[in-house]
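Top line first, the protein sequences correspond to chains A and B.
Taking my numbering, the leading residue of the first sequence gets 16, the next gets one more, and so forth.
Taking my numbering, the leading residue of the second sequence gets 16, the next gets one more, and so forth.
Among these hints, one or two may not hold up.
Just so you know, same-sequence chains aren't split out, so a pair can sit in one copy or run between any two.
Only pairs whose alpha carbons sit at most 16 angstroms apart, straight line, appear in this in silico EDC-like list of lysine to aspartate or glutamate [unchecked claim]: (1) 166 to 433; (2) 127 to 374; (3) 127 to 416; (4) 38 to 374; (5) 59 to 374; (6) 318 to 90; (7) 186 to 197; (8) 126 to 393; (9) 312 to 284; (10) 127 to 390; (11) 242 to 90; (12) 298 to 260; (13) 186 to 223; (14) 38 to 347; (15) 298 to 331.
These are computed hints drawn from the structure, not numbers from a lab.
Protein chains: 2
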Amino acid sequence: MTLHSKMISMGDRAVIAAREMAKLSAKKKNSILEAMADEITAQKETIQAANARDVSAGREAGLSAAMLDRLELTDARIDAMVKGLLDVAALKDPVGTTISDWNRPNGLQIKKVRVPIGVIAIIYESRPNVTADAASLCFKTANAVILRGGKEAAYSNAAIAKAMREGGAEKGMPDNAIQLVETPDRNAVRELAQMVGKVDLIIPRGGEGLIKAVSEMAWVPVIKHCKGICHTFVDAAADIDMALDISENAKCHRPGVCNAMETLLVHRDIAAAFLPRMIERFKARGVELRGDEDTQKFDAAIKPATEEDWTTEYLDMILSIRIVDNVQAAIDHINTYGSHHSDAIVTTDEKAAKAFLAEVDSAAVYVNASTRFTDGGEFGMGAEIGISTDKLHARGPMGLEELTTYKFTVSGTGQIRE
Amino acid sequence: MTLHSKMISMGDRAVIAAREMAKLSAKKKNSILEAMADEITAQKETIQAANARDVSAGREAGLSAAMLDRLELTDARIDAMVKGLLDVAALKDPVGTTISDWNRPNGLQIKKVRVPIGVIAIIYESRPNVTADAASLCFKTANAVILRGGKEAAYSNAAIAKAMREGGAEKGMPDNAIQLVETPDRNAVRELAQMVGKVDLIIPRGGEGLIKAVSEMAWVPVIKHCKGICHTFVDAAADIDMALDISENAKCHRPGVCNAMETLLVHRDIAAAFLPRMIERFKARGVELRGDEDTQKFDAAIKPATEEDWTTEYLDMILSIRIVDNVQAAIDHINTYGSHHSDAIVTTDEKAAKAFLAEVDSAAVYVNASTRFTDGGEFGMGAEIGISTDKLHARGPMGLEELTTYKFTVSGTGQIRE
């Protein structure tokens, strides 16, 4: 059997599973999710043994300490995975809800109803807990999922998926609701991305290279979770203490994630009052600072920022700083160099806030708060499959609703078109 | 200047225009749309002269009578184009409306606000009136548009776009809000489809070949308007007179459009009572009938339907008919062979209706009405840019709302993440 026909069979099985899943009640789906959680707990030792094989192979292959850390399934991480499944079970099911309904003058009753997307393929890298996270969110929304994890976590992913399938099966989960691509052949990703009519959506989660490759080869819709080059703009009318706290939080709270700040923009009129204190705070936290010429005048330790800095997602304790003349210049900088993810203004000037909210073209735009809040949990969505940097279908945190689509149901009494 | 750099410049100009457009009030946009309509009226003779060049070139090139008809801009069609612009001006503007808003326990106020998508590229074939229709809907929703029409309508499209730009400019339309790709080079489509970061969405409108080519080469999101293989299922519990009227309407009212019926499914228990009368009605209307073995027994004129018939969009006075054993068999046939566009059940049995509505995986699912109603106007959306057969972002008729996306605005009082 060729890879192509193997993958097509997998797609066909997913389509059949998706049709069965669309008929499941919320209660039934939740009991299946709970059974998956129980089975992960029951198979904890097996999962950790599989994980130990991945970790030892990774160590031999020379994976970095950071990658080995991401790979490891400690007791705490297994517990978190189980808790994640139970949390998803407890969330409100969006499937079947009416988004809107109206009647037409000819008597037709139209409803726009939330339905599953169908078959979702998810391509991801190292962290094996994604297997449980992604599968549970797709299952909750009655989407069949085809998972393709990184080869460095192959044994771990297989063990987790097996436990979920076995737990689910006991409670009547449709066969093939959750499938895992186990072949290491990289062409499997291309097959998934080009499976028109079977795969309804492909979500690549990982580095820029993976996302670019998948979106270029894809014939099916893709939702991209790209980098976050997030800004905080300290306006002339900012409350300086608030600006200090927000900026420090946005940069230092967790620098390795996509909603962390990478560039600080400062209004020229507040620079002298704000920047020296801000620089002290960042230096105390060990942040490497790079600035434009005006910024460099404030501290000898500030290195020059190049054009490249404005478009770099450091994901690290590094920050670029630029002084700008007004709100419009801040907006223009963000729209030009940013990644349309999350950007904030700190100001007490309502007019400046309004312009910033209206004109910054990003998934989440903040006034007087840290960009670190761009997150499904923090937004109150309960869980997220990622943060979309695309504008189509889903933008920003993607929760359960964003894993659904809709259809129109139209009820009549014999209406025909004249 | 290479085609690539020409197209990139066009994309850059569109991005700048989109930012300007996002600031326009609804009133301003409407006055610009009205000015476009006035200018098309004022330049009617110039537009018709350009159209005459296209028609005469088309005649020389041997275009079919049907294609020449679609190409021609008669007085009535120019009037319809002008009326279309005024109708779009009169529609409610979705941009800036709040989709939902909520407060978080930490005091953050979150709003999900409707915003323009940005830059939309539209690839279309022969009918030059699409130039005005598509440009006006994109303009109304503050999206910059890049149009690429068929070469057979090149002079007509250029004349219409010029009139719209000149009319709009007088009322302050941002430069490059509407751009038309005038080069006949087919690689221009590839450039548009791969312009990541500039083109936010590409919509191919036309034949299957065009849509397939664009979606395979695209690196940016695509919304496809594919074929409609629409079904009517006459259930055992159907009102026969209603079923006759609905089926005749779905097939014969306008057979050349995507929401016309291509396959009639009939419950075995009602076949003897329903089919002879239905066949008479179709024969009287000149419909060619193709059926499965059971159906063929009802009339010698019914040709055998092959497997290929079930997946064919005739767009013509041809119909395939199949007798099925129950509702589930009808649902399975539709989900297997259909195109997920529009499908109807005729029944007085609520349980059958409910199962059909729930399980048929199509953009629009009907009970006791003709599939011909799948249309932005008939659904009350005011206008449509097409009917999406995709599931992501927009499904079914795409009106103004579907030409927008959203962003989250978050207002705080200094919140940071702990």
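How the hints compare with the structure:
1. 166 to 433: Classified as neither: same-chain Cα gap 59 angstroms, cross-chain 35 angstroms, threshold 16 angstroms.
2. 127 to 374: between (31 angstroms within a copy, 15 angstroms between copies)
3. 127 to 416: Classified as both; 14 angstroms inside a copy, 14 angstroms across copies.
4. 38 to 374: between (43 angstroms within a copy, 8 angstroms between copies)
5. 59 to 374: neither (50 angstroms within a copy, 38 angstroms between copies)
6. 318 to 90: Neither: 43 angstroms inside a chain and 67 angstroms across chains, both beyond 16 angstroms.
7. 186 to 197: For residue 186 and residue 197, the Cα distance exceeds 16 angstroms both inside one copy (25 angstroms) and across copies (60 angstroms).
8. 126 to 393: For residue 126 and residue 393, only the inter-copy Cα distance (14 angstroms) is at most 16 angstroms; the intra-copy one is 31 angstroms.
9. 312 to 284: within (15 angstroms within a copy, 88 angstroms between copies)
10. 127 to 390: Classified as between: cross-chain Cα gap 14 angstroms, same-chain 27 angstroms, threshold 16 angstroms.
11. 242 to 90: neither (30 angstroms within a copy, 52 angstroms between copies)
12. 298 to 260: within (14 angstroms within a copy, 78 angstroms between copies)
13. 186 to 223: Neither: 39 angstroms inside a chain and 43 angstroms across chains, both beyond 16 angstroms.
14. 38 to 347: Between copies only: 14 angstroms across, 49 angstroms inside.
15. 298 to 331: Within one copy only: 14 angstroms inside a chain, 74 angstroms across chains, cut-off 16 angstroms.
Hints 1, 5, 6, 7, 11, 13 from the earlier list are contradicted by this structure; the remaining hints agree with it.
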